[in-house]
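A.B. asks: These protein sequence lines map, in sequence, to chains A and B. Just so you know, the first sequence maps onto residues 1 to 539 in full-length UniProt numbering. Just so you know, the second sequence maps onto residues 1 to 539 in full-length UniProt numbering.
Think of the hints as simulated: they come from the structure by calculation, not from any bench. Ideal placement from N, C-alpha and C gives every residue a C-beta, glycine not left out.
In silico lysine to any residue, SDA-like type, Cα no more than 25 angstroms apart, as pairs:
1) A:K256 / B:G182
2) A:K53 / B:T363
3) B:K431 / B:L518
4) A:K53 / A:S24
5) B:K470 / A:T30
6) A:K432 / B:A408
7) B:K256 / A:E190
8) B:K366 / A:A91
9) B:K366 / A:A92
10) A:K53 / B:G359
11) A:K79 / B:A338
12) B:K448 / A:E421
If you only want the chain B side, here are some residues facing chain A, beta carbon under 10 angstroms, derived:
13) S186
14) L251
15) N252
16) A296
17) E369
A few chain A residues that don't get close to chain B, going by computed Cβ distances all over 12 angstroms:
18) L94
19) E269
20) H395
21) T433
Protein chains: 2
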Amino acid sequence: MSNSVHVYDTTLRDGAQQEGLNLSIADKMTIAGLLDELAVDFIEGGWPGAIPKDTEFFARANELELAHSTLAAFGSTRKPGVAVEDDEQVAALLAAGTPVVTLVAKSHVGHVERALRTTPSENLAMITDTIRYLSANGRRVFLDAEHFFDSFATSRTYALDVVAAADEAGAEVVALCDTNGGMLPSRVREAVDAVKLAVPGARLGMHAHNDTGCAVANSIAAVEAGATHVQGTINGYGERTGNADVLTVALNLDLKLGLGTLPEHSRAEASRIAHAISEHTNIPAGARQPYVGSSAFAHKAGLHASAIRVDPDLYQHIDPRAVGNDMRMLISDMAGRASIELKGKELGFDLAGDAELLGRVATRVKELESRGYTFDAADASFELLLREELGGRPHFFDVVNWRTIILAAETSVDGEVDTAEATVKVRIDGKKTIATCEGNGPVNALDKALRQVLEGAYPQLAAVNLVDYKVRILDSASGTDAVTRVLIESTDGAASWTTVGVAANVVEASWVALLDSLVYYLAARSDAVPAPVPVGAHA
Amino acid sequence: MSNSVHVYDTTLRDGAQQEGLNLSIADKMTIAGLLDELAVDFIEGGWPGAIPKDTEFFARANELELAHSTLAAFGSTRKPGVAVEDDEQVAALLAAGTPVVTLVAKSHVGHVERALRTTPSENLAMITDTIRYLSANGRRVFLDAEHFFDSFATSRTYALDVVAAADEAGAEVVALCDTNGGMLPSRVREAVDAVKLAVPGARLGMHAHNDTGCAVANSIAAVEAGATHVQGTINGYGERTGNADVLTVALNLDLKLGLGTLPEHSRAEASRIAHAISEHTNIPAGARQPYVGSSAFAHKAGLHASAIRVDPDLYQHIDPRAVGNDMRMLISDMAGRASIELKGKELGFDLAGDAELLGRVATRVKELESRGYTFDAADASFELLLREELGGRPHFFDVVNWRTIILAAETSVDGEVDTAEATVKVRIDGKKTIATCEGNGPVNALDKALRQVLEGAYPQLAAVNLVDYKVRILDSASGTDAVTRVLIESTDGAASWTTVGVAANVVEASWVALLDSLVYYLAARSDAVPAPVPVGAHA
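Based on the sequences and whatever the hints tell you, model everything.
C.D. replies: Structure (structure tokens):
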């Protein structure tokens, strides 16, 4: 095994093939930034020329300022019977301007003849020509040998010819793809062994899918057999059953086999980064995900509990802090109090001496969580709760009432886009103020009206802007009767903070979070209380 | 490898350790029946004597009338320093009356000394005594060697002593447990090889957890090295990251290694049974689960779609019908004409001959997706779009206008929960109808009002219910100005379908999806058009 194994992330390209996963350009830019924080070696950004959004992503890629990772564009070899310099798709790959281009090529005769409708020899020429052309234009070229393992099983010679052709033409990596995902580790190992013998000079990679539940194990087996490049996606996103989970693979290589593919400090951020990416894909993070799942180090009371009290390592395969995760004991309020104490400390409140207060806060958090609240991502709402229990939530205004009206777009005239109207009435120092504002939706209109009634007394709120708004339906099996959770992230340009609201009504849930956001800012700017958390602390 | 490998299911015992999973006795009885339909060899029902619910389950087990599976009770070896015939917990195991008793025993010196607080030799005596006693009382005894692999790595001799002691005392199976789940397949194989050499007579089993993402692969590796008994849970339920998914393991053994652990007819029921069990655990079935997930044979990529049109086997690792699943095509901006043609075919429209129509539909899908629509999860909206382009979208009613009013909860009296009111006006055959309804949110109120104005002309809509409602904020970097996408799943009890709506306003987006849902149902129920897709096709 080599100590230098590439970690190649394809979340933005192959991961985006997952059912229900659709990334905007803004999402792709943010995720690329998070992957760079994780310090993966390569980020495959998409297929320029084939997908307009991906072309635009690469056009904006210089804004990313990646510190650790190298950007790769994915595309196909030239078309059959077309000179490589005349191939538009190949031109789009060059135009993407990435240091690396990863070419997908057929390596299975059946696919060459039936899907590509050309000859095996023309396919080899397509591979050779495209690699040489891109190399001559200054690109590092990686080759994804599609259906390699199926081809190896049925027409081994051709499979090996493809690897040899790519290697001779100058491909830096030949990634062997289990495109249909049907492999098991023993077969992967056998195939990689054979390729190492047949094409000893090639740097081999592994691209696995999880159709047998063995994507991670297949990647590890390939590395154990000599591959030095692993491809995968964050949270195992991908078509069908998903790709290999790149974090699980890298953490296994580092923590089980001692390879050091990710720097220690970014391994310690693995849980946070995996969860942050799941916020952008809007696919809930899997609680049972290896290493980074919220249940990955959670123990239910029973056989394990007494042993864990003796020594946590008796029932943990690694120290969860190594991957930024935490051991949790379920059905035990001890863990609850401990984390509340820690969280309070993080926010500048020393709660260690007050067991009664800790118990009260723990009970209230549990009650609110049972109603759908979550404070993991909503520090500002948690801090307001803590202030309330400490008797220190400052009082700035009373809401008398509010309402919103949403009008059918069909009734709007002159192409007017505002379709919602909100009225908010508050009382400040005995004086009532009312305002009505229009917006492109009820939350937008409420936000405007609320600021308007407060701005006379609290002009500092003019600096506050909403930067993120997330909606999650909880218990979605009951249709529109479901409970809605809204998370709102706000900023004043210097700091950012997140608040949460829960209600049957999406507008009411948003209102609760909006209100908390402004109250938090007013409280945090009061002299007696700590400043808001710096921007990035919630990223 | 042996052709006769036990499939041992522990969903009802180890699976129930999962966070958030709580099974009633009725649930356990139903799940046991489903496991028997699947024809697993052994069903571990629980821990009698330790968990009252489990004691009662075994007391009622004769009601199960199992046709294929054998019931096992799980428990521990006798306590240190207690005669086996005086041990209450061992007595409860006998009282459960099962043909098989599976004993868990420590096999790691550190655990024996620190958690059990006894000596390594007393631990061996506990194993020997308990196996002999239960065997003498007519039970088949299996032994779970807890922490076997960790012990093998640190104090190999003792680990092997435990297996030898169990084998000599008459245990029919010794299952090697990766209790903390930290193993990789190559290490499992190495350990099983060593045990086969040291204790050649023992029948070995594998009990894997998924903490490295390798539970399935570790089970397969053990079988390849000579184990003939695999333990796991349906859907991989279990503490932390879960146990080995017993179905994925068995299907890999059968369909990849040709072992025949499950009869062919029950393999063909695998998807249905896995989903039925997830209804009883109330944990939503994972779409990306190998073999049985609803996405396991779903294809999105344009690259794949054109090849699938030629031959579906080019992009499938098995025929999905072998496991009771189905191939599905997803529509997305990555998809070209080929996937639209295939999707049309799936929905009952022959579009093959009409290149111009296919191009028009592809262009429109791409345009809508650039505005935030997604069709890969919204077949019904896609079908309506297709009907429009075919000139066949039936016309049922015109919306004149609609509005909703949301009132602050603060103004409600008598604890009234309805905080939203909606008014909808439609025109049907020249006649205007208007209705106003209240609801716990704007979408709920709009849904009620819309049905009320339509029910006179279309009484069949009374059968339609919303079953799922999902909200996604797109480009959420712009706060409440962001675009909102809503997916609504509806059912009439026999079929289910999903529609999509996109707008700046969450209520308007919901309205679009609601409207499509009812129009789709009316269209699908018209004689001239195909019936809605059966339940399960979208499960």
